[in-house]
Amino acid sequence: MTLLRRELLLGLAASLALMGAALAADPIRIAAPFNVTGGLSSLDAPALNGAKLKVAEINAAGGVLGRPLELEVFDTKSDATTVASVASQLVGGGKLAAGIGFTDSDSALALGPIFQKAGIPFVTPGATSPKLPDQVGDTMFLACFGDNVQAAAGAEFVRDQLKAKQVFLLRDNSAEYTTLLAKYFEAAYVKAGGTIIGHDDYKSGDKSLTAQITKIKAMATKPDAIYIAANPDDIGLVVKQFRQAGVMQPIIGGDGYDTPLLLSVGGKGANDVYFSTHAYMAADGTKPIQAFIKAYNAANKTDPENAFAALGYDTVALVADAIKRAGSDDPAKVKEALAATKGLEGITGTISFRPGVRVPDKTATIIGVKDEKLFLAAQVTPSFVPAP
Amino acid sequence: MSRTQTIWIGIGVVLLALSFFAQNLLPDYAVRVLTITCINALLVASMAPANGMTGVFSLGHVGFVAVGAYAAGILSLPVATKGSMLPDLPGWLAGWYLSFLPSTLVAGCVTAAVAIVVGAPLLRLSGHFVSVATLGFLVIVNEIVINADSLTRGARTFTGVPLETTLPWALGWLVVGLIALGRIASSPTGRAWRATREDVVAARAIGIETQPTRLSAFVLGAFFAGIGGALYAHYLGSFSPKSFLFAYTFTLISMLVIGGMGSLSGAVLGTVVVTALSEVLRNLERGMDFGALSIPPLYGASQIALGLLFIAIMILRPEGLLGPREIRFPNARSPKETTHDSAAP
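Just so you know, the sequences run in chain order A and B. Numbered by our numbering, the letters in the first sequence go through residues 1 to 388 in order. Numbered by our numbering, the letters in the second sequence go through residues 389 to 733 in order.
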C-alpha cells in the first residue's frame, strides 16, 4: 500500500516537473567545454565555476530576451582529441547561440576549426595567445587580454616602478604560452630602455633548477630582477628554489603565477614576487570583485581560486550582452554583435573590440607578494604593445 | 592465404565501402569518434610486431607518431601558411608542399628511416633495458621537437595543417596496415619474430639472427606509426610536442594490453573497447535527469571507472582479452566435402 502511494507521488512529481519544463521558455544554449580534469583543471575549473555563477545570476534576473541561459558543460580532460570529439558532439547536438571555454591555446585550436565551420562564435575566457583569433577565423574571440599586453605591462612595471635596469630572462620552453610571454617581455623591456643580461630555459616538470640558478649566481654583473615565464604547476617550486639558493632579487612573471600554488608551495620564497594578471581577487579589491567573491563563495564554498574565475564570469556577461544586442540566439547575429562590443563593464576590466581585432584592449593588474600575502601593486595600461 | 584472413579482408573491404556512406549518414560526432578509433587502432596494431611478437617492449612508439605527425605537418602546410607559421624553414622545404596521400607516405618513410637509425643500437638490448632505452628515445624526440624551432615552432602549437583525414581514409589505412602486418606476421618473417621472443638461443641455433629480425619488426611498426601520426596531424589540424608524450603512450599501451599483446585483432578489439568505454563513461559522468530525480555531474569519474575496469580485466584475463591469439573463423568444410554431403541421400 505504502509502496503504491510512493509510486503515485513519484509519478505526480515527475509529471509536474515535465509540465514545469514545458511552461518555461526555451533556454538559450551556450556550449561550455572546459578541461575540468587533467593538467589544466586548476585554471579551467574556476573559470567554469565563474561562468556558472554568472548564468545563475542572469537567470535569476529573468534571463536574456526573456529566456534562461543554459550551459552545455563537457569535461574535455586536458586532451586535444577529446576536445575535438566534444566539439563535434556540441555542434551536432542542437542549436547553440555561442560557446565559451578553455584557458589554453592547444584546446582552443583543437576546437576552433569545428566551431568555425559551423559558424558558431566561441569566446575563450583565458587562452591568452593574441594570435589565436587569426589562427582560427572570425568566430574566435578572447575575453582576456593577449600575452603581448600583459608582458608589456610587466616590462613597464619592472622598468618604471621596480627601477630595474637589467633583467635575467628565464623561460619554460615546453609551452606556447611561456615562450611567447618571454618573447613579448623582451621586446617591450628593451623598448622601455632595459637590458636583458642573460637567457636560460627549463622545462615544465623539471624538479631541479640548480643549473640555471648557478648560472645566474656566477654572473659578473648581477641582474636587478629576474623575469620567469612559468606555468602554474611549476611556479611554487621555482621561486622556492631561487630563494633557498640565496637569490633574493624580485621575480616577475605572467598570469601563470595566479594560482594558490604560488603561496602554498612557494611559502616564504614567494615574497618579492610580482606578476601580471586579469584581476586582483582579494577582500580589499574593487567593489564588484568583492561582490563576486561573496557570491562565488556562497555557490562553491570556497573563495575564487584565481582570476580565471572572474574571467569565466565576465565571458558569460560578454556573450549575454551580445545575445541581447543581437536580439536573437542566431549564432551568426551573435557573432556580429560580439565583434561590435563597446565598453562592456566587467569585473576584470572594460571590454571593447577594435574593428577586425577579436582580442580586447584591457588594463593589466600587477599583483605583488609581501609577508606571504598578495597585494595590489599596480594597474598598468602599457604604452607600447609588441605585435602579436 | 588462410580462410580467416580472406574473411577479415572481406570484412575490411565491406566496412570501407560502408564508411563512404556512413560519413554522410551518421552524425559528425559519431564519424569523429570512429575516425580517431581507426587512427588509434592503426597505431596500436603497429605496436604489435615489436612489443607483442618479438618481445621488445618499446615505450617509445609515440616518439615515432610525433615524427610522422611533424613530418606530415611540415610537408603539407600550404606555401602561404608556411611563410607566416614557419618563417625560418630551410629553403629546400619552404617553396612547395605535398597533398595528403604523398605527405602521409613520405611521413611513414621518414619515420621508418628514423627507426632504422634508432633501432640498430637499441635492439642490441633486451628485456627491461630496451623499454627504458626506448623511453629515452621518446624523451629525446620531445626535446628535439621543442628545440628545432625553425622546423617545428618549438613548444608552440603547430597549427594550420589541412583537415583531410576522413573516416574512409583512416579506415582505409587501418585495413592496409592490418593486411600488411597480418600477412607478414604469418609469413616466415613473422615466425622468426616470435622465435626470437620465445628463445633467443634456440632461434640462433636454427639460423635466425636476433638483431636484424627484431629490427625488421621495429621498423615496420614505425612505418605505420608514422602513417598514423600523419593521419592524426590531418585529423586535428593542430598539435604540440606535449600531445606526443606519456599520456598518449599510456593510452596506446593500455589499448594494446587490454586487447592482448601479440595479436592484431586484439589490438583492434582493445582500441574499440577502450574508446567506446571512455566515450560512454564521459557522457555518463555529465550527470542525468530523470524528471524529479537527478544525478549531479561527477567529472573525473570516467577515468576512475576506466582504471578499475582495466584492473578487473588484468586480474580476470592477465594476457588481455585475446592474449596472443587472433579471432579466427572456424574452417568450413571444403567445397568438395559439401557437394558430397548434399549429394548424399
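One or more of the hints may lead you astray.
Label-pair ranges, simulated between beta-carbon atoms [as the list claims (entries may be wrong)]:
#1 B:N412 - A:A332: 51 to 59 Å
#2 B:S575 - A:S264: 55 to 63 Å
#3 B:V661 - A:E336: 44 to 52 Å
#4 B:V661 - A:G94: 39 to 47 Å
Straight-line Cα separation of at most 30 Å, DSS-like style, residue types lysine-lysine; simulated pairs [unchecked claim]:
#5 A:K268 - A:K183
#6 A:K203 - A:K294
#7 A:K52 - A:K215
#8 B:K470 - A:K333
#9 B:K470 - A:K117
#10 B:K470 - A:K203
#11 A:K342 - B:K470
#12 A:K324 - A:K52
#13 A:K131 - A:K215
#14 A:K163 - B:K470
#15 A:K191 - A:K207
#16 A:K294 - A:K333
#17 A:K163 - A:K217
Worth flagging that the hints you see were computed from the coordinates, not collected in a lab. Backbone N, C-alpha and C define an ideal beta-carbon position, used for all residues, glycine too.
Consistency of the hints with the structure:
no.: 1; hint: B:N412 - A:A332: 51 to 59 Å; verdict: violated (24 Å)
no.: 2; hint: B:S575 - A:S264: 55 to 63 Å; verdict: holds (59 Å)
no.: 3; hint: B:V661 - A:E336: 44 to 52 Å; verdict: holds (46 Å)
no.: 4; hint: B:V661 - A:G94: 39 to 47 Å; verdict: violated (29 Å)
no.: 5; hint: A:K268 - A:K183; verdict: holds (29 Å)
no.: 6; hint: A:K203 - A:K294; verdict: violated (37 Å)
no.: 7; hint: A:K52 - A:K215; verdict: violated (46 Å)
no.: 8; hint: B:K470 - A:K333; verdict: violated (33 Å)
no.: 9; hint: B:K470 - A:K117; verdict: holds (22 Å)
no.: 10; hint: B:K470 - A:K203; verdict: holds (27 Å)
no.: 11; hint: A:K342 - B:K470; verdict: violated (35 Å)
no.: 12; hint: A:K324 - A:K52; verdict: holds (18 Å)
no.: 13; hint: A:K131 - A:K215; verdict: violated (33 Å)
no.: 14; hint: A:K163 - B:K470; verdict: violated (41 Å)
no.: 15; hint: A:K191 - A:K207; verdict: violated (34 Å)
no.: 16; hint: A:K294 - A:K333; verdict: violated (34 Å)
no.: 17; hint: A:K163 - A:K217; verdict: holds (21 Å)
Hint compliance for this structure: hints 1, 4, 6, 7, 8, 11, 13, 14, 15 and 16 are not met, and every other hint is.
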